[in-house]
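Chemist: Read off the chains here:
Protein chains: 2
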Amino acid sequence: MQERIHEWITLHRSAGIALLQQMVRIASTQGNEKEVQLLVADQLHGLKLDVDMWEPDGEGLAGHPYFCSPRNHFAGSPNVVGVLKGAGGGRSLLLNGHVDVVPEGQRDQWQHDPYSGEVTGGKLYGRGATDMKGGNTALLLALGAIQGLGLKLKGDVIFQSVVEEESGGAGTLAAIVRGYKADAALIPEPTNLRIFPKQQGSMWFRIEVKGRSAHGGTRYEGVSAIEKSIVVIQHIRELEKERNARIKDPLYANNPIPIPINLGVIQGGNWPSSVPDTVKLEGRMGVAPDEKLEEAREEMLRWIGRLKDVDPWFAEHPPGLEWFGAQWVPGSVDPGHPLMEVLLQQYREVKQEEPVIEASPWGTDGGLLTQLGETPCLVFGPGITQVAHYPNEHIVLEDVFVAAEIIALTLLHWCGLDRMEA
Amino acid sequence: MQERIHEWITLHRSAGIALLQQMVRIASTQGNEKEVQLLVADQLHGLKLDVDMWEPDGEGLAGHPYFCSPRNHFAGSPNVVGVLKGAGGGRSLLLNGHVDVVPEGQRDQWQHDPYSGEVTGGKLYGRGATDMKGGNTALLLALGAIQGLGLKLKGDVIFQSVVEEESGGAGTLAAIVRGYKADAALIPEPTNLRIFPKQQGSMWFRIEVKGRSAHGGTRYEGVSAIEKSIVVIQHIRELEKERNARIKDPLYANNPIPIPINLGVIQGGNWPSSVPDTVKLEGRMGVAPDEKLEEAREEMLRWIGRLKDVDPWFAEHPPGLEWFGAQWVPGSVDPGHPLMEVLLQQYREVKQEEPVIEASPWGTDGGLLTQLGETPCLVFGPGITQVAHYPNEHIVLEDVFVAAEIIALTLLHWCGLDRMEA
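So the sequence lines, in the order shown, correspond to chains B and X. All residue numbers for the first sequence refer to UniProt numbering, where the first residue is 1 and numbers rise by one. All residue numbers for the second sequence refer to UniProt numbering, where the first residue is 1 and numbers rise by one.
Hints were generated in silico from the structure; no laboratory data involved. Do not rely on the hints blindly, as some may be mistaken.
Identical copies look the same in the list; a pair holds intra-copy or inter-copy alike.
Unchecked claim - In silico SDA-like pairs for lysine to any residue, Cα to Cα no more than 20 Å straight-line:
(1) 152 - 270
(2) 210 - 105
(3) 292 - 246
(4) 248 - 317
(5) 210 - 110
(6) 241 - 303
(7) 241 - 11
(8) 85 - 45
(9) 210 - 106
All chains should be built: construct the whole structure from the sequences, respecting the hints.
Modeler: And the structure:
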């Protein structure tokens, strides 16, 4: 059976590349996901799945404790779910991938147009190639092989093509609220074919550092919010060190900073010859797989409170701390979970080597599926973590086909084969 | 004569306060100076001066080596010059004050409306009260006393009410190009009645610090431009130390940082969970009275070039340096200059104490007058340096009247009295 699946996928390589190229050429940044979702829906119809396409109800979701999005309206940003009903008597599997991509950044840092989907040297280039339209392509190829070879499964397969992963998971939340669940789940985020049973969560924060304005020519009469923000940045580095020293999970053994605190945005002052009175810092706090978002928030708040011991300025002028924008719930699945066993076995069959098992260095929608959706989720996919959110993002096409093969076999062995129809 | 001038000014205190209040109530930020200039022109007509009002020719000035402005068009931003022709045989004096004010900043940091001109406890509040409509009021009161008492001077008096001091001196440059000059000049910038024969110059610069983007969850795979900008900021602090250690002029003895380098603006990154690849710093470099702008620019460029010895990252990714926006030419007048002698004597007469003589901690249009306009310029005026460009800017009204008296007496003794007409 592995041979027939391998053969089918090999025969459909060109079609897979063309599909990925088509998806990358659609710049599906936040709010612009409709075109690519129509393409996905079209593919699912072709595969004879029951297709459900809807725009999440932002107003209705807004009160949900796990809702976190910069927007309340999802017009033009539909979710797509395709269901492949099984014959019965098998375990169900939920496959989930997001179609939203982060902005391309400075275009002059890209060798190719970020939305070209250019193929060269066995790699396909473009924003979203790795994160995660390559993974989505692997899912569609796996489903294609199952259907193309007439393999009737026992358990149900639920394919979710969601929006808004990059800004807090409102797409997957909407799918959970709509009632979709399964015995287990798999998300092919770019793990470079490593297997992640545990996933880091994360949240966005904003810190406002205060100074006191003055004329730049007598700058010693003011207090520079830029200089004070350096103290805050170094203090946060200390918190990052302390939090990471606590991580003993062997799955993070190869990770230099398991749960980083990233400072992504700095902005302060408005006049070159004035001492700046405010600096705003925005960043992302990593949350350990077994940690609660609330615990991490409280630790940050306490830590910022201690700044007054570092510099008495902060006693009178405490920095403001707020949580905004995106958050990703962490997730933790027992490495002995039955889906792990199946996935490991198929990996060994196809790759003829031992897989790398780690904890993910970033959040995915898998945390929501595991914690809220009662669907334990593993993360495993093609694509190179290092180029996600990066100029010259690309994917090694061979890995897309390998992942598709492993996922098709996992479907077969997890859901069970009822009969061959062709 | 001092007594009669003192009496005249005392009698006209209310009128002086009302005039200052009227000027402060006009928010004459860059591009919005016309209304206050019409008011000044009206005052000069009332004082029987020959009035010249014109909009600087931005296109014509643009090629001038001392031209520095964010704009090339001065429609709505006229200069006003009033000339009081002397009887002949005396020295001429140029009085110069600017009417443009910097923006008010965050309104919630102001106790009073920034354009209220509110008077309380002997102080008048508002943007521009100190910098420098209070000084302008002192000039107009001094001229008022001369004319009101019928004192016919021998030398000419040229009163300049200019635009654009806060952004590089294009107003005063336009007046110089138009041909106005004199044997000496006085600018009543807010020195808190100290006398500044020397003035710091300054220039605006922009530094672009480069990093390498990456996903925040694997931030160790990128290079944070925020962290690299901290290295740059600390390196610039070292340059500031080195430059200031060279300043031996006793006039700067009481100044903790004679020629500061102020970092006023920081801006970098655009996504909380991405490693930022660029940070932009904007600041103001102080230039010593006897230093050339070009020398200071070269020193900064060399210093930034040395960053590669501090951190090898900068060898491959040198920060960009550019000069933009405003610049103020430094100025240096011999403390033994004859106008110094006259001013010191009148100060002692009126205040019955020794004046403080220092070098200014900031640039004024005096540098242009001294270096380019062949008119050696002293800076002396009411108003508190510390509140310039600051919320709750205000001026002690008593100092406005004291300055007016000293300036009126200086006119009398510098230009010489021909006769009394009244």
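Chemist: The structure should be examined with respect to each hint, and the outcome stated for every one.
Modeler: Hints versus structure:
1. In the homo-oligomer, the alpha carbons of residue 152 and residue 270 never lie at most 20 Å apart, since the shortest distance is 65 Å inside one protomer and 48 Å across protomers.
2. Proximity of residue 210 to residue 105 under the C-alpha cut-off of 20 Å is restricted to the inter-copy arrangement: shortest distance 14 Å between copies versus 29 Å within a copy.
3. For a Cα distance limit of 20 Å, the shortest separation of residue 292 from residue 246 inside one copy, 15 Å, qualifies, whereas the shortest one across copies, 56 Å, does not.
4. When the C-alpha separation of residue 248 and residue 317 is checked against a cutoff of 20 Å, the pair qualifies neither within a copy, at 36 Å, nor between copies, at 36 Å.
5. Proximity of residue 210 and residue 110 under a CA criterion of 20 Å is satisfied inter-copy only: 16 Å between copies versus 37 Å inside one chain copy.
6. Taking the closest pair of Cα atoms, residue 241 and residue 303 come within 20 Å of each other only inside a single copy of the chain (12 Å); across copies the shortest separation is 33 Å, beyond that limit.
7. In this assembly of identical chains, the alpha carbons of residue 241 and residue 11 never lie at most 20 Å apart, being 50 Å within a copy and 69 Å across copies at closest.
8. With identical chains, the CA atoms of residue 85 and residue 45 are at most 20 Å apart within one copy only, with a shortest distance of 14 Å there and 93 Å across copies.
9. Taking CA atoms no more than 20 Å apart as the test, residue 210 paired with residue 106 passes between copies only; the shortest distance there is 12 Å, against 30 Å inside one copy.
Comparing the model with each earlier hint shows violations of hints 1, 4 and 7; every other hint is respected.
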